[in-house]
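**Student:** If you want the building blocks of each chain, they are given just below.
Number of protein chains: 2
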Amino acid sequence: MVDEAEKQPTQLDIARKAGVSTATVSRVLNGSPLVKPALRARVEAVIEQLGYYPHAAARALASNRTFTLGAVVPTLNNAIFAACTNAFEREIQASNYTLLLAVSNYDLGAEEVLVRRLLERGVEGLLLIGNAHSEAVYELLARTRTNYVNTWAWEPQLQLPNIGFSNRRAGAALADHLVGLGHRRIGLVSGIAEGNDRVRERAIGVRERLAAHGLALEEAATTEIRYSVREGRRVLGEFVEAGTLPTALICGNDVIALGVLLEAMERKIPVPEALSITGFDNLPLTEHIRPALTTIDVPASAMGHLAARAILSAIGDGVPVASRELEAPLLVRETTAPPAA
Amino acid sequence: MVDEAEKQPTQLDIARKAGVSTATVSRVLNGSPLVKPALRARVEAVIEQLGYYPHAAARALASNRTFTLGAVVPTLNNAIFAACTNAFEREIQASNYTLLLAVSNYDLGAEEVLVRRLLERGVEGLLLIGNAHSEAVYELLARTRTNYVNTWAWEPQLQLPNIGFSNRRAGAALADHLVGLGHRRIGLVSGIAEGNDRVRERAIGVRERLAAHGLALEEAATTEIRYSVREGRRVLGEFVEAGTLPTALICGNDVIALGVLLEAMERKIPVPEALSITGFDNLPLTEHIRPALTTIDVPASAMGHLAARAILSAIGDGVPVASRELEAPLLVRETTAPPAA
DNA sequence: TTGAAAGCGCTAACAA
DNA sequence: TTGTTAGCGCTTTCAA
Chain A
1 MVDEAEKQPT QLDIARKAGV STATVSRVLN GSPLVKPALR ARVEAVIEQL GYYPHAAARA
61 LASNRTFTLG AVVPTLNNAI FAACTNAFER EIQASNYTLL LAVSNYDLGA EEVLVRRLLE
121 RGVEGLLLIG NAHSEAVYEL LARTRTNYVN TWAWEPQLQL PNIGFSNRRA GAALADHLVG
181 LGHRRIGLVS GIAEGNDRVR ERAIGVRERL AAHGLALEEA ATTEIRYSVR EGRRVLGEFV
241 EAGTLPTALI CGNDVIALGV LLEAMERKIP VPEALSITGF DNLPLTEHIR PALTTIDVPA
301 SAMGHLAARA ILSAIGDGVP VASRELEAPL LVRETTAPPA A
Chain B
1 MVDEAEKQPT QLDIARKAGV STATVSRVLN GSPLVKPALR ARVEAVIEQL GYYPHAAARA
61 LASNRTFTLG AVVPTLNNAI FAACTNAFER EIQASNYTLL LAVSNYDLGA EEVLVRRLLE
121 RGVEGLLLIG NAHSEAVYEL LARTRTNYVN TWAWEPQLQL PNIGFSNRRA GAALADHLVG
181 LGHRRIGLVS GIAEGNDRVR ERAIGVRERL AAHGLALEEA ATTEIRYSVR EGRRVLGEFV
241 EAGTLPTALI CGNDVIALGV LLEAMERKIP VPEALSITGF DNLPLTEHIR PALTTIDVPA
301 SAMGHLAARA ILSAIGDGVP VASRELEAPL LVRETTAPPA A
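Same order as they appear, the protein sequences are chains A and B. Number 89 in the working numbering belongs to position 89 of the first sequence; there are no gaps in the numbering. Number 287 in the working numbering belongs to position 287 of the second sequence; there are no gaps in the numbering.
The set of hints was computed from the structure by calculation and includes no laboratory data. Incorrect hints may appear among the rest.
Identical copies look the same in the list; a pair holds intra-copy or inter-copy alike.
[Claimed, not checked] Subject to a maximum C-alpha distance of 20 Å in a straight line, what follows is the list of computed EDC-like cross-link-like pairs (lysine to aspartate or glutamate):
(1) Lys17 to Glu135
(2) Lys268 to Glu334
(3) Lys7 to Glu139
(4) Lys268 to Glu231
(5) Lys36 to Glu208
(6) Lys17 to Glu231
(7) Lys268 to Glu325
(8) Lys17 to Glu48
(9) Lys36 to Glu231
(10) Lys36 to Glu155
(11) Lys268 to Glu238
(12) Lys7 to Glu120
(13) Lys268 to Asp297
(14) Lys7 to Glu124
(15) Lys7 to Asp107
(16) Lys36 to Asp317
(17) Lys17 to Glu44
The task is simple: from the sequences and hints, build the whole structure.
**Tutor:** Put into structure tokens, the structure is as follows:
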């Protein structure tokens, strides 16, 4: 019955014990220069003694600042988004900001309610993935004048705050590379395009370049699957059994590519001799596996860091977030080669 | 000059426009059953019209509830922690809670300030990794009566809220497996033990079982390294060149194990014939790679989900978080076999 | 250099 | 069933 909820001390407790006003306590806490050193020391001693710490909600209500930033990512079960989130958090942490994180599971509708929830929480800025978000999200962001940045994308014509790279050009680079190698029958095993503009842009890039060379994707070797090793393996098997295996397969990401590669090895299909494979992301493992995976180097951590710095300085200067294009270079390794004659 | 900061509408705005009191608006917002349907509809219409949404800080200050949970993890650049965090977020999201996430980078001192920061933010519960936290953290948690749970650990004698598995027993299982196979010269390539009780516990488990069999770790093949493929490769190379390679290597996690495995393959050291290798975590890839990795199946997502449910129900019932032990079974696959005669 | 006091937007008694 | 009102803990004028 005795719950003795001895509450957290408040500034009033500190003020009384130190014989000062709450205004002075507040000044001490906020490092105001106009508190006499002696007084400051006295107050700090009491703060220490009572184990006081500020009540963020009260502070936010009074000052209209939360020192909180938000991020909503599709998932953390993709090393690339986890890395970006990690970098973002580390960067804002250094500026005494705290991260409110939400996972949308690639669902734009869910994302909308999550963004709303973060806005209610008073986030001073937001990191989003991609440029595809619901109308409502964009309206909310505009109405509340929230600093935000769409990472993982670079589409200047959209006039959106982008810190990322051109998925379309990355897709194009992959296509050019394979065509340049002499491939004519190329398939695409991409991620699920629904609600994912990065996937769509990459596919457009691939198709455009193929078309420019008078080619087209092998539709019988083109499909969308979830990002998983198992799915990659399954698809490779299906292509083989259906007799639709092309000479090159562009995979939506490294995880899929790894699945395709491992299944090919299991089936004694020589890679890259009989089948060229490309990935996307440049996961740490891809350079160590044999054959090493040809892939696109996605600057995941850099996007996280830069997005944080951009938002933080936008908040500081009161200016809009500055866009910035990053490189996502093609890394030619061992899974791509000219097709067997 | 014209910044026209047309502020967010407040309950007062809604109340006036709807011709009711703010109390009624509050009731509508909180789904109080004692608001007449007609009135409710009128208020909701105005809310919709003005695009109003509640101010979480004000709400928190008045109600003393934040609907926020915190998590501080060592890093997100480890798929296993990312998976746990992902599961935790998904679970609390479903209960309308929001996640405050902080990354400690395996630094207990840093963790302390982060926990403090989350507490200031008013988190109603906290997910932590492991049982090793600073005194100050435990004091803070006790004093504020914050619901928290240490995942990734199961040490009932410590009387701490644990939802996890016994790292020591997992280490023991690995040792038993290898000894049972006939290995006598066993090395350990663990993660950095500093500030990481999981690593220490696993090592203890290994050493204990080895001792029980009258054996000891090959110290010349035992070391601590960062969790990276590259590091794993480097270490394998060093052991080979120093001529200290044992017949089996217990690796701190799958990433290290993969590095060791790939380097062994590169050097034409037959695995498992000449060298048995074990990992830890059961990353999705490990079952697909050849030879498939013998490892410990860590219930990362389950810990995230269960921790969330435990904290949420502790908050609901006002009772302490219930501990729970999970299995972390040994998965014997293809990288372990009897040592060559 | 310090203090008094008025809110910030909301919830929750308490009244009606 | 609805309204009135007193805070929640803090910041921030404004005075002193």
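**Student:** Now tell me if each hint is right for this structure.
**Tutor:** Taking the hints in turn, this is what the structure says about them:
{"no.": "1", "hint": "Lys17 to Glu135", "in the structure": "neither (53 Å within a copy, 26 Å between copies)"}
{"no.": "2", "hint": "Lys268 to Glu334", "in the structure": "both (16 Å within a copy, 19 Å between copies)"}
{"no.": "3", "hint": "Lys7 to Glu139", "in the structure": "between (41 Å within a copy, 15 Å between copies)"}
{"no.": "4", "hint": "Lys268 to Glu231", "in the structure": "within (19 Å within a copy, 30 Å between copies)"}
{"no.": "5", "hint": "Lys36 to Glu208", "in the structure": "neither (69 Å within a copy, 59 Å between copies)"}
{"no.": "6", "hint": "Lys17 to Glu231", "in the structure": "neither (65 Å within a copy, 55 Å between copies)"}
{"no.": "7", "hint": "Lys268 to Glu325", "in the structure": "neither (41 Å within a copy, 43 Å between copies)"}
{"no.": "8", "hint": "Lys17 to Glu48", "in the structure": "within (12 Å within a copy, 47 Å between copies)"}
{"no.": "9", "hint": "Lys36 to Glu231", "in the structure": "neither (67 Å within a copy, 53 Å between copies)"}
{"no.": "10", "hint": "Lys36 to Glu155", "in the structure": "neither (53 Å within a copy, 50 Å between copies)"}
{"no.": "11", "hint": "Lys268 to Glu238", "in the structure": "within (15 Å within a copy, 32 Å between copies)"}
{"no.": "12", "hint": "Lys7 to Glu120", "in the structure": "between (26 Å within a copy, 13 Å between copies)"}
{"no.": "13", "hint": "Lys268 to Asp297", "in the structure": "neither (28 Å within a copy, 29 Å between copies)"}
{"no.": "14", "hint": "Lys7 to Glu124", "in the structure": "between (29 Å within a copy, 14 Å between copies)"}
{"no.": "15", "hint": "Lys7 to Asp107", "in the structure": "neither (41 Å within a copy, 30 Å between copies)"}
{"no.": "16", "hint": "Lys36 to Asp317", "in the structure": "neither (30 Å within a copy, 48 Å between copies)"}
{"no.": "17", "hint": "Lys17 to Glu44", "in the structure": "within (11 Å within a copy, 47 Å between copies)"}
Of the numbered hints given earlier, the model fails hints 1, 5, 6, 7, 9, 10, 13, 15, 16; all others are met.
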